[in-house]
Amino acid sequence: MSKNLLQLIAPEIAGEPEDKVASRMRSAITLARLLSATASRPRVDSTGFDLVRAGRELDKCVRADTLQVLQQMFFLHLEDRSGLGPWQRPKAQVTQLWKGIVSLEERKISLALPSLPEPGESREDVALRILAAALCLGLSECASNNWRGHLAFTKQDPLQAESYYRKALEGEGVTFDERATAIAGVGGCLLDRGVVFLARDWMDRHLDLAAACPKLARLAGLTSLAAGDRSMAEQLLRPEPSQQLPSVFNSLGDRVPSVRSVLGGSFVWKPSEPAVAATPRRISRSDYGASVLVIMCAPGTTEECLPLRWDLAASVGQPTDAWLDRQVAAPWTAGEPEQAIVAGAKMHVELVEEGKVGVLSRSCLSTTAKAVALVPVTQPESEALLGWVRLEFEHWLVPDPSRLEALGRAARCAFAGVSCDRAKPRERTAPYGQLFSELMEGVPLGRRRWWGFVDGPCGPEQAATGGEALRDWEGNPGGRGSLNKASRMGKLLQGPMAYEGGIQSMHGDSKGGLLTPVLGAGGPGHPQGWLLVESTRATDLDRGLADDLAKRCRLAGPRFGLAQFNEWHQERYGHRVHLATTAHGELPEGLGQALLESNKAPKTTSPVFQQLARLGGRACGEPVLIVASAGAGKTVAGRFILFCRGLERVVEISLRGLGSADLGTAIRAARDGGVILKDGEHLDPDGHGALDQLLRQPDAGRFVVTARQPILGQAPWEGLADRLMRNRIKLPDMGQRRASILPCFRLLLAKAARLERRIAPELTSEAEGLLWRGDWKGGLRSLSDFAHQIVIFHDGDTLDGVGLARLALEREISLPHRLSSKHLDPISLWSAIESTRKKCGAIHRGRAAALMGWDPDTLTAKLKALGMGAG
Amino acid sequence: MNLQPNHHNSFESYFSGPLWSLGLSQLGRRELGAVHRRELAGLLTDAARCSLGLNSSSSAYGSLLRPVLGGWRGRALGVLDMLKRDDQYFDGQELVEQRLGGQNPSPELMILAALDLWEAPWTYLILGQTLLARGDGLRAKEVYGELLRQNESGQLSDGAEFPWRVREGLGAAWECLGSDVLAYGCMRAAAEHRGSGTGPLVSAFFLGLDLGRAREAAGFAKALDQRLSPHSRRLAACAKGLRARVDRRQANRTEGTWTPPAGSVDLFRTLLDGEGAGAVLTRALVQNDGGQVGS
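Protein chains in written order, with my numbering: chain A, 110 to 980; chain B, 957 to 1251.
This is chain A alone, in the form it adopts within the complex:
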């Protein structure tokens, strides 16, 4: 009977298996019930489904669900090292969430979903892809800014994160949760930066929302506690068993016992994560949330204990003589912590509760001081004490010990090149003075004066000044407010800034000024220096001038970066190096076209230099692979990358025949400095495991691997290809960059002369031409050897072409008298033209022809044949 009925109702499924039939019948019955329920409503003639609307609703639901999954996945990929991040880690497993996404894809739901993480892909990269997918799904503007803020916070860039959170608060239609997240984000960023009082004021301003949001109330309590307001913190902090304490508060409970009761015994003490190393070439009190930062020389370093540098908050003013005298006498005064530092080179931190007297009674801040930290500065190898850094705080939030140790390491640079008269600031005129003068060449001065400042360890250092107006600027100084502000803003200032006279200016009589940052080689980032132009007329500083200066500074950036690198290189390796920073475009397929275009094109940063600088970008935490033939300058390029990444010490290790144990020992010797792993093609298979581990660590950004040939496809490098593939660079051979031969040779000649204690001979133009035409297959090494031999075997102040040819012949070095004009090598011709261009960018035919070994007519004929005409 039932089968007959089934044949009657649904003849097409009558023969199918029972479970399938039952399932389909259930669906049919549900549909029938829905239809009958709708149809039985009074006075409704017909019923039906609006399929388009239903589809739209379904799409909306799927999008909302997917967005929620993406949010959880995004939060799972974030890492909160400080414990101050405003997001909460979801409890779901990351694999489960990815499975959910994959199942959506399998159901062929047409949404832009992120693909599974690639092997070795960093958490931040995956999070970024998830953010992109969420934006496609209609993530709100406010939420997207919050997510971006979280990502910047994870990358330990609280300044950037704060700007995103503030942007999130500006939007319209912001929900309560989003607003609370953004407020907590700003508060967390401020606290992370150590700006405790700003953080407390910020949270205080949003107490009404904190009253409805426990997360905000807790952060408000923590900021109050850090600022030393116990009674307020007591009312706001309500400890719960599962709560984790931000790492910056770890030691507070130990150092101030009365605070423990406020935090409650149920807080989980989270072990502190290693903090980001302080940027070595720059020390500022605001990076540590301190009001006073003083670097003191230890008694053995100079004849007496001297304050080397100080950085004080504006509210403190200048240090008094009495206070300075006390600091100088501290190592010889019983009971002073400085004595312990001199004796044992151990860090000392003291926090004092209100009403109690300790070391703080002798602080610069006197009554407002709540904490003092003394950080020893030692020599890298011998651990001998150079001096110490004294930090004074108006709050209890002393940075982690790991961060203070990093400060101790960073402060070493303040002692570099400092002798007994160290108390005076370093003179930074050369080579920056020349660079600034060249930068200002052609700018009409009239009533204007300019100053050039270089970024130094403790802020801006004056390098040059020029102009006819505002002469007595040292006798009549302004407040330098604009320069101090620019220095504090750091990388936030990327373009020109106009300011008014008076407290903002360098000269007391100036009516206004323009400050332009000189950005480094890698583009946007921390400025290498600042150019200030002031005038006696306010209208003298217009938009045109600002644009012109910004353009000039942008072009000069790489040279400033190179100058800083050379300063560093000279200090460590005893000589300077040459890296080509500018070029008139690249050499494409057709030489004629390239020449034509380059004549019109302005000088830009050399592509290879730009790549090196970008790889050295400080945010990049991945290892770099440099591939080039022997003597192409791999080691110098590696040093440059590590210098850009802010690593003070660099150790070079050859991988030739190193086993696993040897490699581990060698790396340990490098401690936390940069490491250049040379001869990558000779890596022993035994050492592969150890190297694999090293390059997968979070601090892998301090490793540079160099090799003479492409190694990634070969065993044992196959497994590491994913780590090195993204950050690799191939340097051109010496023969492909003849423009570098002469500048390099001059530097190598000077280095050899210094080593041999002889005078380097001057090269005539014929000798230079000969050198330029050499093939130098051994690269820089063969150039260096030849330079040494010239210094040793040549007597005389000058070396002409004949003498050079004779020396080369004796050493079997081939230096041709002319390059072939029949079988033209386009790269050589391009290099000859590049090396001899005039300042305006035009081709200097005579000099270019001399380099090629041709007469000028041959060059003109060749250029005509290439389509350059008479120009």
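Among the hints, a few may not be true.
Stated by the list, open to error - A few chain B residues facing chain A, derived, Cβ under 7 angstroms:
1) 1101
2) 1109
3) 1132
These are computed hints drawn from the structure, not numbers from a lab.
Glycine residues also receive a C-beta, built at the ideal position from the N, C-alpha and C atoms.
For chain A, the structure is supplied; the task is to place chain B on it using the hints.
Just chain B now, kept in the frame of chain A:
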């Protein structure tokens, strides 16, 4: 707690969808039913407030209240007549009958029944106040907290006054729970809200003084001087309420009298010697203090 308004009870829902096909008589009955529900909700709310003894002069947070509607008994009888004539039954009908019969049902129950009949944001405010009056600060905090969350998200609003009244209620709840800092934060935000009443201003002034935030308290005193005349009845009521409030706070503490903390002693003395609304309120505190600080 879900405080989403129930849109099935709103007028708009009667003019959309298949209900258009209803006859005019049916439409009239439904509309009338909605009016009755709202009327009954209002009557229940008023009854709850009356049974708690809340009015603007005796309550610590009087500004939360709207004036009590007059003629409660007559209106309640009218609604009941209508109900009988239409032979309809409403939730909360028994509560009205009990009240008319001289009994006093639980105020909280009456507010909840009112909310069931007609879900209005204002009724939630009164629910919070009822909880506060019964000393249940924890639940009041939850109600006001949720109201603030929804109001900030743009989901729940009832006029320009609503945001600051929610904050004032939340502040009162936190004060009841013993967190003066959060209470002050809410009162300050309410007082700084455009068009706010004098209640939050008085609370913010007192709490600022009590927390030692002299500069901010001085600002609130100045604002009070501009808004209230020293001889106004409103100010006298505020002073009386403030005195009662300090008495309540002191009853929970061991010390005998209220004294300003070190941070605001100077302001306190300056205000005592001055004129204006701030001075009147400060003198009210001195009366409580027995004149110790003032002398």
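(request) Would you settle whether the hint for residue 1109(B) is holds or violated, based on the nearest Cβ-Cβ distance to chain A being less than 7 angstroms? (result) 4 angstroms, holds
Holds or violated: residue 1132(B) as interface residue toward chain A, Cβ cutoff 7 angstroms? The hint is violated - residue 1132(B) has no Cβ within 7 angstroms of chain A, the shortest such distance being about 12 angstroms.
Residue 1101(B) as an interface hint toward chain A, with CB separation required under 7 angstroms
4 angstroms, holds
Checked against the numbered hints above, the structure breaks only hint 3 and satisfies the rest.
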